[in-house]
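K.L.:
Now for the letters of each chain:
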Amino acid sequence: MALTKSNSENRGGGTAGLNEPRIVRFLLISVALLFLSLFLLLPLIVVFSEAFKKGVEVYLESIREPDAAAAIRLTLLAAGIAVPLNLIFGVAAAWAIAKFQFPGKSFLITLIDLPFSVSPVISGLVYVLLFGLQGWLGPWLAAHDIKIIFAVPGIVLATIFVTFPFVARELIPLMQSQGSEEEEAARTLGAGGWQIFWRVTLPNIKWGLLYGVILCNARAMGEFGAVSVVSGHVRGFTNTIPLHAEILYNEYNSTAAFAMASLLTMLTLVTIALKALIDWKSRVVVREAPDQDLAEAA
Amino acid sequence: MSRPFRQHSILPGFGLTMGFTIFYLSLIVLLPLGAAFLNTFTMGWTQFWETVTGARALASYRLSIGASLLAASINTVLGLLAAWVLVRYDFPGKRWVDALVDLPFALPTAVAGITLTALFAGNGWLGAWLEPLGIKVAFTWLGVVVALTFIGLPFVVRTVQPVLQELDPEIEEAAATLGANRWQSLRRVVFPELLPALLTGFSLAFARAIGEYGSVVLISGNMPMKTEITPLLIVTKLANYDYSGATALAVATLMMSFVLLLFINLLQWWSRARYA
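In order, the protein sequences belong to chains S and U. The number in my numbering is simply the position in the first sequence, starting from 1, with 454 added. The number in my numbering is simply the position in the second sequence, starting from 1, with 8 added.
A portion of the hints provided could be inaccurate.
Claimed, not checked - Chain U is faced by these chain S residues, among others (derived, beta-carbon under 10 angstroms):
id: 1; residue: V500
id: 2; residue: I576
id: 3; residue: H598
id: 4; residue: I600
id: 5; residue: R641
id: 6; residue: S736
What the hints assert, rightly or not - Result set (DSSO-like, lysine-lysine): computed pairs, CA atoms no more than 27 angstroms apart in a straight line:
id: 7; chain 1: U; residue 1: K102; chain 2: S; residue 2: K729
id: 8; chain 1: S; residue 1: K601; chain 2: S; residue 2: K660
id: 9; chain 1: U; residue 1: K144; chain 2: U; residue 2: K234
id: 10; chain 1: U; residue 1: K144; chain 2: S; residue 2: K507
id: 11; chain 1: S; residue 1: K735; chain 2: U; residue 2: K102
What the hints contain is simulated information worked out from the structure, not anything from laboratory work. Even for Gly, the Cβ is constructed at its ideal location relative to N, Cα and C.
With the hints as extra help, turn the sequences into a complete structure.
P.N.:
This is the structure:
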């Protein structure tokens, strides 16, 4: 008893040992904020101020211009194919990995993460080596008049490759931590596989799923390195928004380049806002069910 | 302990989901990667060695690895500071700053590249201010470091933040009770707890920086031997239809980042074993 008391007295009196002096706090906050605003806030401001430098008219014109419009369409197409495919893959992989026990599981997870640890340039290179004119399948493709590299299919493939792990990586740990009691209960009560998925699993993983999808989409629309290698940069045909922005910038057409960049930046801001919202939502859910968390921890 | 036996699951769908996972993984990732790297075996050892140890290649490794290490180190120090400030202190607009940390994850690298170039070029907002001081950033190796620092910024913050949040304040209280001053308890008690997360953040930032292409090519100026990173050299070879040269460099890059990551994992394992 006496010991506890003296401890708490000490704690009350010893705040000097627990907190930094005011001046140190102030300094630390200032340095951190200076670093973050220099590297994060300033670039954001630059994008929009450069894009609107010559007024709204010029800005709108640079977006409506045919090559720009074609780049926007191609970007939407590539993301529109890559995101749903990787979504289906992510859900399937997470189901197989989280709900069942089998040997080699962690190796499989490492393989799924592989595209993250490969340089984007190498991701693109791989497809060139496979489908390019001097590649393994190149002569056969040329004989059958199929173009993959320097054409739209190559861009779609490279986009799928670089965004491959996003959804799976978000869902696997989430579903593993949730266990499968609820699904098993549903099964004992007579539910079928799809019923279990739609009624039990999906409501549990929806925020994680959404999180994975928006990150996947942001990367799909913004990928540069891999797409640049397979694209061939044909204006109006094989340029995505980031590639078009780069070309314009290298041609010293800075306003138009930043107009393209501003589109991607707006996408980024929406992505970050959604991510913060989902973080907040899922934290609320966790707080509402603290008992379950404790049970899991025990 | 709560579930002593569950070898067989009563849930359906293993065959379907596992089959699709393996099929899709092989089709998109494993077969293309495998086929590409079998390609290097068609070139002889001497040719491979000459390509990966050419003067231009060596200069590019030096820049890529050096700038990546420097950028990851900057991010480790300032990322630790940012995580500390975001977890421990209160200030207006904290939630906004916290959300903004993810910007480099979500911002396309090409956008980062042209924006940083515009900022640091001689007529840019920061460049106009730095160049009279004799500091040239855009189109020099410093620009490469700036770009790599930008893209690696969230890694350390996001790996350290949760550990710092979970850290039991009682251990700091105990240290204070035992007579440690603030600096001592931070250095001896808090820091060892954060070290594994710091190393993880460092290695993630480093791995990302080594492969980065988009943001760097725009700001570096791409002068051979001077500001040419390895990924760019790969693209240059590819553009000249030197497929085997590009593959050889790609293999060399993969091996190097693999060895470095292995080393960092060992370091992490050592720090866990030592302080756990």
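K.L.:
Each hint should be assessed against the structure and marked as holding or not.
P.N.:
Quick rundown of the hints versus the structure:
Because the beta carbon of V500/S sits about 5 angstroms from the nearest beta carbon in chain U, less than 10 angstroms, this interface hint is met. For I576/S, the suggested interface contact is upheld, since its CB lies about 5 angstroms from the closest CB of chain U, less than 10 angstroms. At a threshold of 10 angstroms, the smallest CB-CB gap from H598/S to chain U is about 19 angstroms, leaving the interface hint violated. Using the Cβ-Cβ criterion of 10 angstroms, the hint placing I600/S at the interface with chain U is not satisfied: the shortest such distance is roughly 16 angstroms.
Hint status for R641/S relative to chain U: holds, with the closest Cβ pair at about 5 angstroms, below 10 angstroms. Because the closest C-beta pair between S736/S and chain U is about 14 angstroms apart, greater than 10 angstroms, the hint is violated. Distance restraint check for K102/U and K729/S: the Cα-Cα separation of roughly 16 angstroms lies within the 27 angstroms cut-off, and the hinted pair is therefore satisfied. Under the criterion of a C-alpha separation no larger than 27 angstroms, the hint pairing K601/S with K660/S is inconsistent with the structure, at around 38 angstroms.
The suggested pairing of K144/U with K234/U holds, with an alpha-carbon distance near 14 angstroms, which does not exceed 27 angstroms. Distance restraint check for K144/U and K507/S: the Cα-Cα separation of roughly 25 angstroms lies within the 27 angstroms cut-off, and the hinted pair is therefore satisfied. Taking the CA atoms of K735/S and K102/U, the gap is about 18 angstroms. The hint holds against a cut of 27 angstroms.
Checked against the numbered hints above, the structure breaks hints 3, 4, 6, 8 and satisfies the rest.
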